[in-house]
Amino acid sequence: MSENPNNWPLWEIFIQSKRGLDHKHVGSLHAADADMAIENARDVYTRRQEGNSIWVVKSEQIHASRPEDAESFYDPADDKVYRHPTFYTMPEGAKYI
Amino acid sequence: MTEVKNLEELFQAKIDAEQKIEPKDWMPDAYRKNLVRQISQHAHSEVVGMLPEGNWISRAPSLKRKAILLAKVQDEAGHGLYLYSAVETMGTSREQTIDDLLSGKAKYSSIFNYPTLTWADIGAVGWLVDGAAIMNQVMLCRTSYGPYARAMVRICKEESFHQRQGYEIMAVLAKGSPEQKEMAQDALNRWWWPSLMMFGPTDANSPHSAQSMKWKIKRQSNDELRQTFIDRTVQQAEVIGLSIPDPDLKWNEETKQYDWGAIDWTEFNNVVAGNGPCNKERLAARNKAHDEGAWVRDAAVAYAAKKAKRKAA
Amino acid sequence: MSQALFTYTLRLADDILILSQRLGEWCGHGPVLEEDIALTNRALDHLGEARNLLTYAGQVEGKGRSEDDLAYLRMERQYTNAKLVEQPNGDYAHTMVRSFLFDAYHLPLMQALTKSNDAQLAAIAGKSVKEATYHLRASSEWIIRFGDGTEESHQRAQAALDNLWTYTGELFESDAVLEEMTKAGIAPDIATIKEAWSKTVDQVLSEATLKRPADAFMMTGGRKGLHSEHMGFILAEMQHVTRAYPGVEW
Ligand SMILES: [Fe+2]
Ligand SMILES: [Fe+2]
Chain Y
1 MSENPNNWPL WEIFIQSKRG LDHKHVGSLH AADADMAIEN ARDVYTRRQE GNSIWVVKSE
61 QIHASRPEDA ESFYDPADDK VYRHPTFYTM PEGAKYI
Chain B
1 MTEVKNLEEL FQAKIDAEQK IEPKDWMPDA YRKNLVRQIS QHAHSEVVGM LPEGNWISRA
61 PSLKRKAILL AKVQDEAGHG LYLYSAVETM GTSREQTIDD LLSGKAKYSS IFNYPTLTWA
121 DIGAVGWLVD GAAIMNQVML CRTSYGPYAR AMVRICKEES FHQRQGYEIM AVLAKGSPEQ
181 KEMAQDALNR WWWPSLMMFG PTDANSPHSA QSMKWKIKRQ SNDELRQTFI DRTVQQAEVI
241 GLSIPDPDLK WNEETKQYDW GAIDWTEFNN VVAGNGPCNK ERLAARNKAH DEGAWVRDAA
301 VAYAAKKAKR KAA
Chain D
1 MSQALFTYTL RLADDILILS QRLGEWCGHG PVLEEDIALT NRALDHLGEA RNLLTYAGQV
61 EGKGRSEDDL AYLRMERQYT NAKLVEQPNG DYAHTMVRSF LFDAYHLPLM QALTKSNDAQ
121 LAAIAGKSVK EATYHLRASS EWIIRFGDGT EESHQRAQAA LDNLWTYTGE LFESDAVLEE
181 MTKAGIAPDI ATIKEAWSKT VDQVLSEATL KRPADAFMMT GGRKGLHSEH MGFILAEMQH
241 VTRAYPGVEW
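Going down the list, the protein sequences come from chains Y, B and D. Sequential numbering from 1 applies to the first sequence in this note's numbering. Sequential numbering from 1 applies to the second sequence in this note's numbering. Sequential numbering from 1 applies to the third sequence in this note's numbering.
The set of hints was computed from the structure by calculation and includes no laboratory data. What you are looking at is a predicted structure, and each value in this text was computed from that prediction instead of being measured. Each hint should be verified, as a subset may be incorrect.
[To be verified] Here are the simulated DSS-like pairs of lysine-lysine, each with C-alpha atoms no more than 30 Å apart in a straight line:
no. : chain 1 : residue 1 : chain 2 : residue 2
1   : B       : LYS64     : D       : LYS183
2   : B       : LYS64     : D       : LYS130
3   : B       : LYS175    : B       : LYS288
[Said to hold, decoys possible] From the derived model, a few chain B residues whose C-beta atoms are all more than 12 Å from chain D:
no. : residue
4   : ALA43
5   : ASN55
6   : SER58
7   : ASP75
8   : VAL138
9   : GLN180
10  : TRP193
11  : PRO201
12  : PRO207
13  : HIS208
14  : GLY241
15  : ALA289
16  : HIS290
17  : ASP291
18  : ALA305
Glycine included, every Cβ here is placed at the ideal spot set by N, Cα and C.
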């Protein structure tokens, strides 16, 4: 794809909707630089009070795992249910645990 | 060859299992092409759709309506943006997609080639055009391509007030002065049939439909969506005392839905072919904005480069 | 006193109502989608503030006029906005310079008004300060981008500045109404606002490598309802539907 160098690069936008929560990917937009990306994100993605904090990352700097790797990446976790709290049986009557 | 076939089977199996397709997944070329075409048409429609309504921002008859209309048209810009982004996940840049619109190569929804003549048209557009669009968009929230589905979820959330504000405008006009009521009825008369055309050709004449359904890009046929829209809208018109401009419209006790008259597909084809009342104006307006914005975009890039260089130094 | 407060509140309202009307013209025609959305946010913020001020002006006046009565049923001669905000959009540099010159005045004004003796104005200003802070930040950045961007953008920004400078004097004019308001502790001393404005302008223009025009002749008249010829067209467009169907609801 021959890209015109005068095009604004693409940025991925992550928004934290409330203090204490994760920043969540909400979409992308174009901006000439990071400051502008943050401001554009404010105008584009937080018009309905969705935001508390914004992260922007240039899309080209995001490296994704390959779908073909999914099995080797995530399936090993399948049988490690002991990582989840629901794996454990609590004695009846025990509270706040 | 067999490998492609296997990949295709795997792909279809994923779709049949209601799994979303994500950007890096293998997908048949035709699926990609079909989606790029559909999503970019959709994006163009949002952006061109700003024009007929934007026309009335300066003339909205109360400050409250002006604020609502500004916010509404602004949302449509956002929708265009989300959808262009979804196209970009398939490897087509926004610039390429927009170039196709500006050159007249790409299509957008024909409804936006009709003029907004009176204030009541803003009511009719919100009520009928956004109403018809929402039917489609709610379905697309479950479309098989992940980024498209996610954009649609966001869009549907924002759309929720669009149809309501339009219907409210119509309701106020319909119970207003005789002139206002006449204005509302006239707008309904002009927008009714074009709105029905928004659902596209009948299923029998819809070339891409079957494949799109198999790939779960679409999940309901044009005719199904159109019928649901009619059944809902007729009732809404009754409530505010406006009449649907279709002499053949009649409730069918047996099918529990409305029977209705014939769409003038010659008109539809004419508008699609570029002969609608405003095709030229819409394209000219988009081209003008793009051309006159070029130096602005360039300036931002030049400044960003200078700033980065200074920071590095 | 209430006459002066009415006039003063109306001036504040008219400035941002007309600026909002101008900015709204960009909706759907911006240089890039992101900017289209940003500019509409700006128009919406101004419109929201104008509505609050108009409603309050109507209450102060006590004749039962609503925000819409004041917006739609006054003629050019009764509008008291500064001429700066009624100037046509021109190119994007022109629009941004106009907003920047206004924002640099609007923010310190709103900040000062939060301490107004008039509780209602203070409350309205309290809400506006947040928006105005963002507006000034965004318009300043554009001025810098234009000034320090390309040759063309620099020239366009400088031309806009040279063209609009003559309308800035009016923002800081004083008259009997303003003096009365300042004495009553309702309006801030306009000289302090001008100082803040001037500082911001110098700062931003210097970073933008743009030249501050000399304070030559300054236009006046807006506060007395003596506008440029643009004003009639703005109002004709804005008011025609409302006036064609008097007394109905929308
Ligand atoms: Fe939309
Ligand atoms: Fe919409």
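Now for the hints, and whether the structure bears them out:
At most 30 Å may separate the alpha-carbon atoms for a hinted pair to count; LYS64(B) and LYS183(D) exceed this at roughly 35 Å. A distance of roughly 22 Å separates the Cα atoms of LYS64(B) and LYS130(D); the hinted pair therefore holds under the 30 Å criterion. A C-alpha spacing of about 40 Å is found between LYS175(B) and LYS288(B), which places the hinted pair above 30 Å, so the restraint is violated. Annotated as non-interface, ALA43(B) brings its C-beta within 12 Å of a C-beta of chain D; the closest such distance is 10 Å.
Annotated as non-interface, ASN55(B) brings its C-beta within 12 Å of a C-beta of chain D; the closest such distance is 8 Å. Against chain D, the non-interface label of SER58(B) is violated: not every CB pair exceeds 12 Å, the least being about 5 Å. The claim that ASP75(B) lies off the interface is violated: its Cβ sits roughly 9 Å from the closest Cβ of chain D, which falls inside the 12 Å cut-off. For VAL138(B), the shortest C-beta to C-beta distance to chain D comes to about 24 Å, beyond the 12 Å cut-off, and the non-interface label holds.
Distance to chain D contradicts GLN180(B) as a non-interface residue, since its nearest Cβ pair spans about 6 Å, not more than 12 Å. Separation of TRP193(B) from chain D is adequate, the least Cβ-Cβ distance of about 25 Å exceeding the 12 Å criterion. Interface exclusion of PRO201(B) from chain D stands, the closest Cβ pair being 29 Å apart, more than 12 Å. Every Cβ of chain D is farther than 12 Å from the Cβ of PRO207(B); the closest lies at roughly 31 Å, confirming the non-interface assignment.
With 12 Å as the threshold on Cβ separation, the claim that HIS208(B) sits away from chain D holds: the shortest Cβ distance comes to roughly 27 Å. Listed as a non-interface residue, GLY241(B) keeps its Cβ farther than 12 Å from every Cβ of chain D; the least gap is roughly 16 Å. Not every Cβ of chain D is farther than 12 Å from the Cβ of ALA289(B); the closest lies at roughly 4 Å, contradicting the non-interface assignment. Non-interface status of HIS290(B) relative to chain D is broken: a Cβ of that chain comes within 12 Å, the nearest being about 8 Å off.
The Cβ of ASP291(B) sits about 10 Å from the closest Cβ of chain D, inside the 12 Å cut-off, so the non-interface label is violated. Its closest Cβ contact with chain D, about 10 Å, brings ALA305(B) to no more than 12 Å, contrary to its assignment away from the interface.
When each numbered hint is compared with the structure, violations occur for hints 1, 3, 4, 5, 6, 7, 9, 15, 16, 17 and 18.
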